[in-house]
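Protein chains: 2
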Amino acid sequence: MKTLNEIALKVKSLNKKVRIAIAVAEDANTIGAISRSTNEGFVHPIMIGSKARIMELLKDFSLNDESFDVIDVSNHEEATREAVRMVKNNEADVLMKGLVGTDKFLREVLSKERGLLPPKAIMSYTCALELPKYHKLLLISDTAVLPAPDLNQKIAMINYSVKMAHNLGIAKPKVALISSTEKVSEAMPNTIDYALISKMAERGQIKDCLIDGPLDIFLACDPKAGDIKGVQSPIAGNADILILPNLETANAFYKGLMLFAGGELAGLIQGTVKPVVVMSRSESENSKYYCIALSCLMAEVR
Amino acid sequence: MKTLNEIALKVKSLNKKVRIAIAVAEDANTIGAISRSTNEGFVHPIMIGSKARIMELLKDFSLNDESFDVIDVSNHEEATREAVRMVKNNEADVLMKGLVGTDKFLREVLSKERGLLPPKAIMSYTCALELPKYHKLLLISDTAVLPAPDLNQKIAMINYSVKMAHNLGIAKPKVALISSTEKVSEAMPNTIDYALISKMAERGQIKDCLIDGPLDIFLACDPKAGDIKGVQSPIAGNADILILPNLETANAFYKGLMLFAGGELAGLIQGTVKPVVVMSRSESENSKYYCIALSCLMAEVR
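One line per chain: the protein sequences are A and B, in this order. Mapped onto the working numbering, the consecutive letters of the first sequence carry residue numbers 195 to 496. Mapped onto the working numbering, the consecutive letters of the second sequence carry residue numbers 195 to 496.
Calculated from the structure, these hints are not laboratory results. There may be inaccurate statements among the hints.
If chains are identical, the list can't say which one is meant, so a pair holds when it fits in one copy or spans any two.
[Claimed, not checked] Pairs of lysine to aspartate or glutamate residues, derived as DMTMM-like cross-links and limited to a Cα-Cα distance of at most 20 Å, are as follows:
1) Lys306 x Glu260
2) Lys418 x Glu458
3) Lys327 x Glu458
4) Lys298 x Glu234
5) Lys418 x Glu234
6) Lys401 x Glu271
7) Lys366 x Glu479
8) Lys282 x Glu250
9) Lys423 x Glu477
10) Lys418 x Glu479
11) Lys423 x Glu479
12) Lys306 x Glu200
13) Lys423 x Glu458
14) Lys377 x Asp297
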């Protein structure tokens, strides 16, 4: 796949109808993206929030009365709690943040009693990045959650991203562990984790993918770089997944590409029992639509 | 300035003739870039290395016999040592690496007795990045030397980059201290350094520039981002200089932009008594030409 829109096409072809519980479904961009997905047939939304406000926003979209549900809960915290409860109880397949603040939303998602993260599970974030100048979608992690992932958190990031790649139809994704250099050195502690992970993968401790690192961005994404640098790698400039060494790197990398390389992004929280969509309120309807499609691709629908 | 070529135009307009000592001037790209700069009138090269090989490579370029010097030293280490000595003794204004390995080259540059780094000076690296989609050159640091700069190293990176901006003609450059967020938090230690640096700049401890941070790439480089995020900053999406939190971030950032956003780069070692050009052997003649022009802009010629 080369574009995020192909994710939506794939979801449509699966004939899934994914039930999405939206916590505080009271902003226009969210309603717009959800209505589009509903009309295209792959989503059945359960919009939780002030019914009056939701119905007002829905006026602009010709949704069939049977194609959605609204649950009237005007308090943001209660609406979020109800959305999380529905997902936990298999009354919905995906959780999505609406107009509620991210802190409030994540507090419910992470609640030990009521939340969606299993005990000891590592929460992380994986994005699918569309770049006009790369020949396929690039999955990147972690752009949002883990400031400085340790060895186990890096392995979790890999496993989550590999699962996403599998759902995108890539049987054996190529995982590049990104540093500024391809050399292992104590001066760059992440390269030590990368050497360990490479060996673990070789021993079958991480499965269903091809891993190599440390590699720089050129070795990971430019087929010419290996010859120029004299570095042999099974990734060979054809990476499906980039594991970035820390949040600062991942964040500057994708934001630079969105601003200067026409990049488009769709991402999901990882580690929860069901897909969770968290986007900032300012995100466009289109971005939200791609995120919804990705969450539907990752959802297991009975 | 919007393009690296404008740096060369500016240098030409200054009527400087910069003496560049080239350690092991025995590769075609280096000779090509140096010949072009010499013919354009702003460089007088002193090529140190095997005279036979240098004269062979020079055959392709119609250099006037008076416009260059060759010093015959076939051993790489001795050639490098002689180049460094000439720069240290004011017999040359700029040092440039040719075919010698980077490790060997830097060992001489950093030598306590013979080298070019003053005692206690911090060595760093600043690049000028040309991006088709940004409205001016973007100076970024540190893409090559400091793995995880501490507070004092960050301040040195700022001062070096500000000096380069001044030479580019920017009287009061806007310096953005880059993180994944604009919030100061103990979970992101670099943001603490950034808060300190912002306050130090306010108190006049860092001069001749406008500093703000932490900021993310959007707030630093996209004028629309401040309103969307509700963040007031004097940088306002119009940064001249990006200080990146660590080498991994800087490296992934610029390599992503070179690969996917048509970026072009020219950089210099910082902290030495005279400009030092270190480029990998694989770099194109064009990249080397831009680096030479930048080094000439930074050189103080008597």
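So, going through the hints one by one against the coordinates:
no. : hint            : verdict
1   : Lys306 x Glu260 : neither (34 Å within a copy, 79 Å between copies)
2   : Lys418 x Glu458 : between (25 Å within a copy, 17 Å between copies)
3   : Lys327 x Glu458 : both (12 Å within a copy, 16 Å between copies)
4   : Lys298 x Glu234 : neither (31 Å within a copy, 63 Å between copies)
5   : Lys418 x Glu234 : neither (41 Å within a copy, 32 Å between copies)
6   : Lys401 x Glu271 : neither (40 Å within a copy, 48 Å between copies)
7   : Lys366 x Glu479 : neither (32 Å within a copy, 39 Å between copies)
8   : Lys282 x Glu250 : neither (29 Å within a copy, 75 Å between copies)
9   : Lys423 x Glu477 : between (39 Å within a copy, 11 Å between copies)
10  : Lys418 x Glu479 : between (37 Å within a copy, 18 Å between copies)
11  : Lys423 x Glu479 : between (42 Å within a copy, 17 Å between copies)
12  : Lys306 x Glu200 : neither (36 Å within a copy, 59 Å between copies)
13  : Lys423 x Glu458 : between (30 Å within a copy, 19 Å between copies)
14  : Lys377 x Asp297 : between (39 Å within a copy, 14 Å between copies)
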